[in-house]
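Q: In case you want the letters, here they are:
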Amino acid sequence: MALPMLLTDHWYDIRDLSNLTNPLLDFVGDNISSELAYILGPLIGFIASFLIFVLPSQLYVGVYGERKLIGRIQSRLGPNRVGPFGLIQPIADAIKLMQKEALTPKTADTIIMNLAPVVFVAPAVLLFAVIPFGPRMIVANVNVALLYYLAVSSLPVLAAFMAGWSGNNKYSLFGAMRIVAMSISYEVPLVLAMLGVVLFTDTLSLQGMVLWQKEWDIWVGMLMPVAFVIYFICVSAELNRTPTDIAEAESEIVAGYLTEYSGMKWGLFYGMDIGYALAASAFAATVFLGGWSMFGLDKIVPPWLLLVAKTHLFYMIFIWTRGTLPRLRIDQLMAFAWKFMLPVALANLLLVATERMLWVDAFDSKQVFLFLFMIVNFASAAAIIYAWARFLGYKPENHPTKPRLVKEAGGYVPVGREVR
Amino acid sequence: MDGSGPVVAFWLLAAVTLVAAGGVLVSRNLLHAVLFLILAFIGVAGHFVLLSAEFLAMAQVIIYVGAISVLLLFAILLTPRAGRDNGETKAFPVGALLAVALAAVFLFVINDTNWKTVSESPALAPEALGEALLTSWVLPFEIASVLLTAALVGSIMLARTAEEEAEDALA
Chain Y
1 MALPMLLTDH
11 WYDIRDLSNL
21 TNPLLDFVGD
31 NISSELAYIL
41 GPLIGFIASF
51 LIFVLPSQLY
61 VGVYGERKLI
71 GRIQSRLGPN
81 RVGPFGLIQP
91 IADAIKLMQK
101 EALTPKTADT
111 IIMNLAPVVF
121 VAPAVLLFAV
131 IPFGPRMIVA
141 NVNVALLYYL
151 AVSSLPVLAA
161 FMAGWSGNNK
171 YSLFGAMRIV
181 AMSISYEVPL
191 VLAMLGVVLF
201 TDTLSLQGMV
211 LWQKEWDIWV
221 GMLMPVAFVI
231 YFICVSAELN
241 RTPTDIAEAE
251 SEIVAGYLTE
261 YSGMKWGLFY
271 GMDIGYALAA
281 SAFAATVFLG
291 GWSMFGLDKI
301 VPPWLLLVAK
311 THLFYMIFIW
321 TRGTLPRLRI
331 DQLMAFAWKF
341 MLPVALANLL
351 LVATERMLWV
361 DAFDSKQVFL
371 FLFMIVNFAS
381 AAAIIYAWAR
391 FLGYKPENHP
401 TKPRLVKEAG
411 GYVPVGREVR
Chain C
1001 MDGSGPVVAF
1011 WLLAAVTLVA
1021 AGGVLVSRNL
1031 LHAVLFLILA
1041 FIGVAGHFVL
1051 LSAEFLAMAQ
1061 VIIYVGAISV
1071 LLLFAILLTP
1081 RAGRDNGETK
1091 AFPVGALLAV
1101 ALAAVFLFVI
1111 NDTNWKTVSE
1121 SPALAPEALG
1131 EALLTSWVLP
1141 FEIASVLLTA
1151 ALVGSIMLAR
1161 TAEEEAEDAL
1171 A
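Protein chains in written order, with the working numbering: chain Y, 1 to 420; chain C, 1001 to 1171.
Misleading hints may appear alongside valid ones.
Unchecked claim - Label pairs and their computed distance ranges (CB to CB):
#, chain 1, residue 1, chain 2, residue 2, range
1, Y, A102, C, V1109, 47 to 55 Å
2, Y, F391, C, V1016, 49 to 57 Å
3, C, E1131, Y, W216, 42 to 50 Å
4, Y, Y38, C, A1103, 36 to 44 Å
Unchecked claim - Selected chain C positions facing chain Y (in silico; Cβ < 10 Å):
#, residue
5, S1004
6, G1005
7, V1026
8, N1029
9, M1058
10, A1059
11, V1061
12, I1062
13, A1067
14, S1069
15, L1078
16, T1079
17, G1095
18, L1097
In short, the hints are calculated from the structure, not lab data. On a predicted model such as this, the values are computed, not experimentally measured, just so you know. Here a beta-carbon is modelled for each residue, glycine too, at the ideal position from N, C-alpha and C.
Bound conformation, chain Y alone:
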């Protein structure tokens, strides 16, 4: 892949961290064995991405930042006791979790219960393999990276299901069923939204998408605002973030599938929830916000720093929605996915496909038309969403109009609404 970059190959050019690792890998490959280099390469990539990005983000954006920001939103101070400004709080939390006793109920399915946190953690690590941190900083440059991401991100649902089922607890099972039902429903509009992106950028590779956005100087998020919004809503539903976290809604079903977990086994679920949210933010930054490119700024600032900044910005929206929106009911969420988002995603796909056809066949792939499409898409996004919500959409039931099992429980049934 030819890269029109000003990057150099000197080891001190930290704008591309592979300058540091490539000599080492070449040395190992030439002098020891090529297979060792083959194993060492991904290993270095994973360790580096974890040290530079995942671990600090998880501790200081995921745990500390989230608690602090939500504290400010709710007129509290947030953690402020351990260390200056409470900065050592996440480390203290981790130590506390590790020394807590991990209980296992007597009637639980012990093997599956212990296996579930492990199965939950592994895909979170694997997701970062396909995120491009720079023009050459990518652990696995697969040409079906987008599908890989969708495939791997469907695995934690199984782990959550295992966790909920193995506890042998009513509330755990409710949580497990809810998370499975939600992830099946929300995967459909999510994949449709991604399909529009793939259609327009003509590639399934995440690196290819970044290069496309760099080449045309436009972000996919600007070009397809509907897809961006759908992605955000769907992913926050799949990740169990607060406006949609009915799988662990503590006011309804204790803690959902985590009810029977304690100590570090719970800690793994908690930590990796943040890990998945970070991975989803990095994916959104890559696909919708231009990834490591930034309209030429990436020639001066290290590209990986740009990606990290965009990821954290996207994560801030997660925190913001978590702090300000009330939790939805499960029937509202399911109806929202099937009756609202699915038609909107289909309309967006139709629009984007038409534009793609026009752009290539009628307009000779000229850049001006991309900006024209951007304006058209923003206008049509507002029109579609407003029209669908106004005239055809699901009207939220503030008070249930269909009394089911109300009379049997001695409840009030409005006149004219009796079910015979």
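With the hints as your guide, set chain C onto chain Y.
A: For chain C alone, coordinates are given in the frame of chain Y:
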């Protein structure tokens, strides 16, 4: 891809797949069987990767692991007593006979096929696959989608009771 890496990966994946498939057969608890089945699916996806068919591997994980297994789990949860005591059933001899017959057919086909070896990976790129599906194989593709739609409509018809229809008409 040369060297011992792919060989090691092949045998590891084969072992995982076969052990998981065996686990599906011997586990008494249906839910354990489904979890073993998921492991077997993932092993098969690994084999696809070894054959340079990344697209098929990802499709395998998305469809079989992410969707079909989850539906199986749902079906098991919604069926009373399905999770326990599935060791003995009266249909055991018939099932064994069917399994042996199926294995015989598969072995015959595998043995009889003239397997070709190619020096470089065939055109299994997503672009080629998409083009083939929408040009030369468009009729089977469309038939499959119509079949799926029919199944969807049929399952909704079966699942809805008369009372529910009446209730929804009322609202």
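Q: Are the hints correct? Go through all of them and say.
A: Hint check results:
Y:A102 and C:V1109 have their C-beta atoms about 50 Å apart, which keeps the hinted 47 to 55 Å range intact. Between Y:F391 and C:V1016 the beta carbon distance is about 53 Å. The supplied range of 49 to 57 Å therefore holds. Range check, C:E1131 to Y:W216: about 25 Å between beta-carbon atoms, so the 42 to 50 Å window is missed. For Y:Y38 and C:A1103, the hinted distance range of 36 to 44 Å is satisfied, since their beta carbons lie about 37 Å from each other.
Hint status for C:S1004 relative to chain Y: holds, with the closest Cβ pair at about 7 Å, below 10 Å. Interface restraint check for C:G1005: the shortest CB-CB distance to chain Y comes to about 6 Å, inside 10 Å, so the restraint holds. Restraint check, C:V1026 versus chain Y: the minimum CB separation of about 15 Å is more than 10 Å; hint violated. Here the hint on C:N1029 is kept, as its CB sits about 8 Å from the closest CB of chain Y, short of 10 Å.
The restraint placing C:M1058 at the interface with chain Y holds, with a minimum CB-CB distance near 4 Å, inside the 10 Å limit. Hint status for C:A1059 relative to chain Y: holds, with the closest Cβ pair at about 7 Å, below 10 Å. With its C-beta approaching chain Y no nearer than about 4 Å, C:V1061 sits inside the 10 Å limit, and its interface hint holds. About 5 Å separates the beta-carbon of C:I1062 from the nearest beta-carbon of chain Y, less than 10 Å, and the hint is met.
The interface hint given for C:A1067 holds, since its Cβ lies 7 Å from the closest Cβ of chain Y, which is under the 10 Å cut-off. Taking 10 Å as the C-beta cut-off, the interface hint given for C:S1069 holds, the closest approach to chain Y being about 7 Å. The interface hint given for C:L1078 is met, as the beta carbon of that residue sits about 9 Å from the closest beta carbon of chain Y, less than 10 Å. Restraint check, C:T1079 versus chain Y: the minimum CB separation of about 13 Å is more than 10 Å; hint violated.
Hint status for C:G1095 relative to chain Y: violated, with the closest Cβ pair at about 26 Å, above 10 Å. About 33 Å separates the beta-carbon of C:L1097 from the nearest beta-carbon of chain Y, more than 10 Å, and the hint is not met.
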